[in-house]
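S.K.: One line per chain: the protein sequences are A and B, in this order. Okay, so the first sequence: first residue is 170 according to this note's numbering, each after it adds one. Okay, so the second sequence: first residue is 399 according to this note's numbering, each after it adds one.
One thing to keep in mind: the hints can contain errors.
Said to hold, decoys possible - Computed from the model, here is a short list of chain B residues facing chain A with C-beta under 7 Å: (1) L418; (2) A551; (3) A552; (4) L554; (5) G555; (6) P561; (7) V563; (8) T566; (9) P568; (10) P570; (11) L644; (12) Q648; (13) V681; (14) K685; (15) S686.
The set of hints was computed from the structure by calculation and includes no laboratory data. Cβ coordinates follow ideal geometry from the N, Cα and C atoms, glycine included.
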Amino acid sequence: MSNVIACIDGSSAATPVCDYAAWAAARLAAPLMLLHVLDQSRYPMENDLSGNLGVGEREHLLTELAELDARRNKMALEQGRLMLETAKARVIADGIAEPVLRQRHGHLLESLAELEDETRLLVMGKQGEEHSSDTDNDVGGNVERVVRTLHSPVLIAQGEFKTPEVVMLAFDSSATTRKGVELLAASPLFKGVSGHLVSVSKDKHTLREDMEWAEKTIVDGGHQVCTAVLDGDIEPALHAYQQEHNVDMIVMGAYGHSRLREFFVGSTTNNMLRKASVPHLLLR
Amino acid sequence: MFMQYSLRQTWLSNIRGDVLAGTVVALALIPEAIAFSIIAGVDPKVGLYASFCIAVVSAFAGGRPGMISAATGAMALLMVMLVKEHGLQYLMAATILTGVIQIIAGALKLGQLMRFVSRSVVTGFVNALAILIFMAQLPELIHVTWHVYVMTAAGLGIIYLFPYVNRTVPSPLVCIVVLTAVSLALGLDIRTVGDMGELPDTLPVFLIPDIPWNLETLKIIFPVSVTMAAVGLLESMMTATIVDDLTDTQSNKNRECAGQGVSNIASGFLGGMAGCAMIGQSVINVKSGGRTRLSTLVAGVFLLILVVFLDEWVSLIPMAALVAVMIMVSIGTFSWASLSNLRTHPKSSSVVMIATVITTVATHNLALGVGVGVLLSALFYANKVGQVFYVSALVGDDHDHRIYNVVGQVFYTSAEQFVQSFDFKEAISKVTIDVHRAHFWDLTAIDALDKVIIKLRREGADVDVIGLNEASATLVDKFAEHDKPDAIDKMMDGH
Numbered sequence: 170m171s172n173v174i175a176c177i178d179g180s181s182a183a184t185p186v187c188d189y190a191a192w193a194a195a196r197l198a199a200p201l202m203l204l205h206v207l208d209q210s211r212y213p214m215e216n217d218l219s220g221n222l223g224v225g226e227r228e229h230l231l232t233e234l235a236e237l238d239a240r241r242n243k244m245a246l247e248q249g250r251l252m253l254e255t256a257k258a259r260v261i262a263d264g265i266a267e268p269v270l271r272q273r274h275g276h277l278l279e280s281l282a283e284l285e286d287e288t289r290l291l292v293m294g295k296q297g298e299e300h301s302s303d304t305d306n307d308v309g310g311n312v313e314r315v316v317r318t319l320h321s322p323v324l325i326a327q328g329e330f331k332t333p334e335v336v337m338l339a340f341d342s343s344a345t346t347r348k349g350v351e352l353l354a355a356s357p358l359f360k361g362v363s364g365h366l367v368s369v370s371k372d373k374h375t376l377r378e379d380m381e382w383a384e385k386t387i388v389d390g391g392h393q394v395c396t397a398v399l400d401g402d403i404e405p406a407l408h409a410y411q412q413e414h415n416v417d418m419i420v421m422g423a424y425g426h427s428r429l430r431e432f433f434v435g436s437t438t439n440n441m442l443r444k445a446s447v448p449h450l451l452l453r
Numbered sequence: 399m400f401m402q403y404s405l406r407q408t409w410l411s412n413i414r415g416d417v418l419a420g421t422v423v424a425l426a427l428i429p430e431a432i433a434f435s436i437i438a439g440v441d442p443k444v445g446l447y448a449s450f451c452i453a454v455v456s457a458f459a460g461g462r463p464g465m466i467s468a469a470t471g472a473m474a475l476l477m478v479m480l481v482k483e484h485g486l487q488y489l490m491a492a493t494i495l496t497g498v499i500q501i502i503a504g505a506l507k508l509g510q511l512m513r514f515v516s517r518s519v520v521t522g523f524v525n526a527l528a529i530l531i532f533m534a535q536l537p538e539l540i541h542v543t544w545h546v547y548v549m550t551a552a553g554l555g556i557i558y559l560f561p562y563v564n565r566t567v568p569s570p571l572v573c574i575v576v577l578t579a580v581s582l583a584l585g586l587d588i589r590t591v592g593d594m595g596e597l598p599d600t601l602p603v604f605l606i607p608d609i610p611w612n613l614e615t616l617k618i619i620f621p622v623s624v625t626m627a628a629v630g631l632l633e634s635m636m637t638a639t640i641v642d643d644l645t646d647t648q649s650n651k652n653r654e655c656a657g658q659g660v661s662n663i664a665s666g667f668l669g670g671m672a673g674c675a676m677i678g679q680s681v682i683n684v685k686s687g688g689r690t691r692l693s694t695l696v697a698g699v700f701l702l703i704l705v706v707f708l709d710e711w712v713s714l715i716p717m718a719a720l721v722a723v724m725i726m727v728s729i730g731t732f733s734w735a736s737l738s739n740l741r742t743h744p745k746s747s748s749v750v751m752i753a754t755v756i757t758t759v760a761t762h763n764l765a766l767g768v769g770v771g772v773l774l775s776a777l778f779y780a781n782k783v784g785q786v787f788y789v790s791a792l793v794g795d796d797h798d799h800r801i802y803n804v805v806g807q808v809f810y811t812s813a814e815q816f817v818q819s820f821d822f823k824e825a826i827s828k829v830t831i832d833v834h835r836a837h838f839w840d841l842t843a844i845d846a847l848d849k850v851i852i853k854l855r856r857e858g859a860d861v862d863v864i865g866l867n868e869a870s871a872t873l874v875d876k877f878a879e880h881d882k883p884d885a886i887d888k889m890m891d892g893h
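Turn these sequences into a full structure, and let the hints steer you where they fit.
M.R.: Rendered as structure tokens:
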């Protein structure tokens, strides 16, 4: 549980990912690892539907596929290295002396799971390279899979980097956000940052006790905190509050429900991320 | 969470490629299922139901995504006698029993036994399989009119040449469609699929084989089932390795054993015959872009749709068209490189390969072929390792002292040579045998050493054996640590 790991790819999010990762690494005094995963399944296949088997087809096919893979991998490897070098230059400019570069073959999830033991915080963008971030705000498929697989917090970088000074914790008295409260109180990540403890609920009475506990925990940790309980739908209420109070990072529990429920009801986390203008720190 | 992730990976990561490849493969499954049903002596529908069942079930239960399993020639050849003497119901029972045996093999992790099957045996297996597939087509080419020869040749021409014109339509499909059209248009009187027996007209239904469930039945089906289980697993393991190599990914061999078993049980209960993975069709699948389980599922489902809904059309396909497709599969399965390798590879490897082929072709039983191949490889290996051995005779500090330095592997093949390395005629009063750099692998070796010592003593020499403890520590049967990695280091250091 030591590294801050930044997932680097060719998407436009790579730069803010570097910046936020550098910020977090400096705050946590943790080593920063820049990770690029070469995911083979994303390479397109050419179609040969001739369906016949010539003389020595097996040997021939093996050399052909091996050569194709070799060519693609060599190129992807080179590209990935360039991305990592760009990212390295960026985080060095951000003040991190010696970032660790790592390139892995395989699937993103597999690679992250292998690194899980040495992960303290994961930083990634909300979309991969195949999205063009100007036109679509969708959340890439990897975000949810990563957050659901890993146990460490995941910071979804968004927009240009701005040193977080005002942080909002979306509190719903679940175990996850209670953990968030403790994190906010204790972690060096948010030292000197002013906090907002925000809840969205119709039933303000039952929540009061929990809110008081949360406020006390955060104040005991040496932070300033304002509390607010909002009305209305979760996503618009939280984002309106965020804009009103110039909040530059949102901390929240993520994907608390099963996939099945999510399929029918939709996911609050995905809604939040889709409309996000500032980074979200997701806790599980 | 990983489960979910890998489900996605093994099913949905390549949808377009898999669906297209699956349909292409289905076209190559039909000829094999029909041709080998006929050879096994059952209606084509038995083979077609089996192919559907095995492909669909192994898509879910198998251990190698992207591999194609269905009713195969290798298995069909093993059931000929059973069908002839006892009928279809016994075949279905034997198929179910084959599945049960394969599941047990999977549970016992017998997939690991594949490491005893050397490359030469695999090549021999593949070549023998290709020859068997080819030979199985001959009945369709003997005692027929010249039309059939022309049709078959034209079919092969289409299969091999059409891809130069267009690579988006499977050439076997073009071959089948064109030959069927020509034969209908000219009204040729040649054999068609419809002449060979019943085709499926409904979806398969669950049924329990109508046989007496007693020991007598077991005695009839058990030998056939064991052979089929062995051949099925062998071909599946080899195909899995081929697909592993082609796609540069890993397979789960033990899951494949059990998956194969589940598919065969399903096939038996749905009126099909036993099957296994198919080398040729799996290569076609990979070549056409199939990578995940979805391709196998599509192949099975599409096959069933084709034959159930188009059965009237399928029955019009001339056998010559299917023969052409099967000759293509046979040519593509054969390892042609192995022929030119005969000149360059070690003689012993070539002998193993050829022995595997000859045994298989003679008996129509791939398990026997592989058995002979494995046995021969083991013998050649024992012989080779036995030659890693020498004894040097040195003169000691005074002239009445002889030192024998024994180095290398002493076991049953080299024990005789070990004994002969000593000069028993030499009149000498002191002999030292230094064995600390020798490995004594078995009792034959220890026996030989005893023999040498006694013989030298009888000639009047004082015999000293140095380093015996270290050397006999390698006697594997006593060597309780032999499964620990550092045991090997220790053993090598000791010498």
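S.K.: State for each hint whether it applies.
M.R.: Hints, verified against the model:
Here the hint on L418 (chain B) is kept, as its CB sits about 6 Å from the closest CB of chain A, short of 7 Å. The restraint placing A551 (chain B) at the interface with chain A is violated, with a minimum CB-CB distance near 15 Å, outside the 7 Å limit. For A552 (chain B), the interface hint is violated, the least distance from its beta-carbon to any beta-carbon of chain A being 15 Å, above 7 Å. Evaluation of the L554 (chain B) hint against chain A yields a violated restraint, the C-beta minimum of about 10 Å exceeding 7 Å.
Taken as an interface hint, G555 (chain B) does not check out: its beta carbon lies about 11 Å from the nearest beta carbon of chain A, beyond 7 Å. With its C-beta approaching chain A no nearer than about 4 Å, P561 (chain B) sits inside the 7 Å limit, and its interface hint holds. About 10 Å separates the beta-carbon of V563 (chain B) from the nearest beta-carbon of chain A, more than 7 Å, and the hint is not met. Hint status for T566 (chain B) relative to chain A: holds, with the closest Cβ pair at about 5 Å, below 7 Å.
The interface hint given for P568 (chain B) is met, as the beta carbon of that residue sits about 3 Å from the closest beta carbon of chain A, less than 7 Å. Proximity of P570 (chain B) to chain A holds as hinted, the smallest CB-CB distance being about 5 Å (cut-off 7 Å). For L644 (chain B), the shortest C-beta to C-beta distance to chain A is roughly 6 Å, which falls under 7 Å, so the interface hint holds. Evaluation of the Q648 (chain B) hint against chain A yields a violated restraint, the C-beta minimum of about 11 Å exceeding 7 Å.
Contact between V681 (chain B) and chain A, as hinted, is supported at the beta carbon level, the nearest pair being about 6 Å apart and thus within 7 Å. Taking 7 Å as the C-beta cut-off, the interface hint given for K685 (chain B) holds, the closest approach to chain A being about 5 Å. Taking 7 Å as the C-beta contact cut-off toward chain A, the hint placing S686 (chain B) at the interface holds, the least distance being around 5 Å.
Of the numbered hints stated above, those contradicted by the structure are hints 2, 3, 4, 5, 7, 12, listed in ascending order.
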